[in-house]
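**Student:** Sequence:
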Amino acid sequence: MSTLFVDESKAKGYTMVAVAVAAHDAPALRQQVRALVLPGQRRIHFTNESDSRRRAVLARLRDLGIRADVVHSDDRSELAARLSCLAAVVDLAAYRRDARIVLERDDSIEQIDRRFLFDQVHRRGLRGALSYTHETAHQEPLLWAADALAWSWTKGGDWRRRIAPMLEAADDPTR
292 MSTLFVDESK AKGYTMVAVA VAAHDAPALR QQVRALVLPG QRRIHFTNES
342 DSRRRAVLAR LRDLGIRADV VHSDDRSELA ARLSCLAAVV DLAAYRRDAR
392 IVLERDDSIE QIDRRFLFDQ VHRRGLRGAL SYTHETAHQE PLLWAADALA
442 WSWTKGGDWR RRIAPMLEAA DDPTR
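Numbering-wise, the sequence shown is residues 292 to 466 according to my numbering.
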């Protein structure tokens, strides 16, 4: 059973990156990602990192075997775009038979997310098979990997090239 750790970027449309981690790999992977935090940092947040640091973190994530899927929406409404991406993440989880979705906690949207995810999970007959939760970013290091990939995907160019080996082949940024 795997968990999808999901973070988003709101630049250039709305992009969500879902990092898939097998349950038996999660404890060691968390520890290895947490080790990337510099003294004085609570977490890795790509917006706040230097380019050299970003390159080093991405190289380490690649070496750790991080794998992810990207979903994107160009909907003009941020809420509609988010919900479109969340529906795609639920579809992905159903297809992959993932057991859990973890999203970064954002109090301003959490209730809407919960209602929407409840509906999506039930519509697909996944009640009892797929759960979802919101975690604070500084407490869940595997969300940092999703943040790094979402930032890089949105930036494009060399950053997107750097994460390409970590993305599942079926990724289509237009879905």
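Keep in mind that the hints were calculated from the coordinates and are not lab data. From a predicted model like this one, the values you see are computed outputs, not experimental measurements. One or more hints might be untrue.
Unchecked claim - Label-pair distances were calculated between CB atoms; the ranges are: (1) 391 - 459: 25 to 35 Å; (2) 329 - 419: 36 to 46 Å; (3) 326 - 365: 15 to 25 Å; (4) 351 - 399: 16 to 26 Å; (5) 325 - 391: 14 to 24 Å; (6) 398 - 449: 10 to 20 Å; (7) 406 - 347: 12 to 22 Å.
Every residue, glycine too, gets a C-beta built ideally from N, C-alpha and C.
**Student:** A separate judgement is required for each hint: does it hold in the structure or not?
**Tutor:** Results for each hint:
A hinted range of 25 to 35 Å for the beta carbons of residue 391 and residue 459 is inconsistent with their spacing of about 18 Å. The given range of 36 to 46 Å is respected by residue 329 and residue 419, whose C-beta atoms sit roughly 41 Å from each other. Restraint check, residue 326 to residue 365: a C-beta distance of roughly 37 Å breaks the suggested window 15 to 25 Å. Look at residue 351 against residue 399: about 32 Å separates their beta carbons, and that is not inside 16 to 26 Å.
Separated by about 20 Å at the C-beta atoms, residue 325 and residue 391 satisfy the suggested range of 14 to 24 Å. For the hinted restraint 10 to 20 Å between residue 398 and residue 449, the CB-CB distance of approximately 35 Å leaves it violated. Taking 12 to 22 Å as the suggested C-beta distance range, the pair residue 406 and residue 347 does not conform, at roughly 39 Å.
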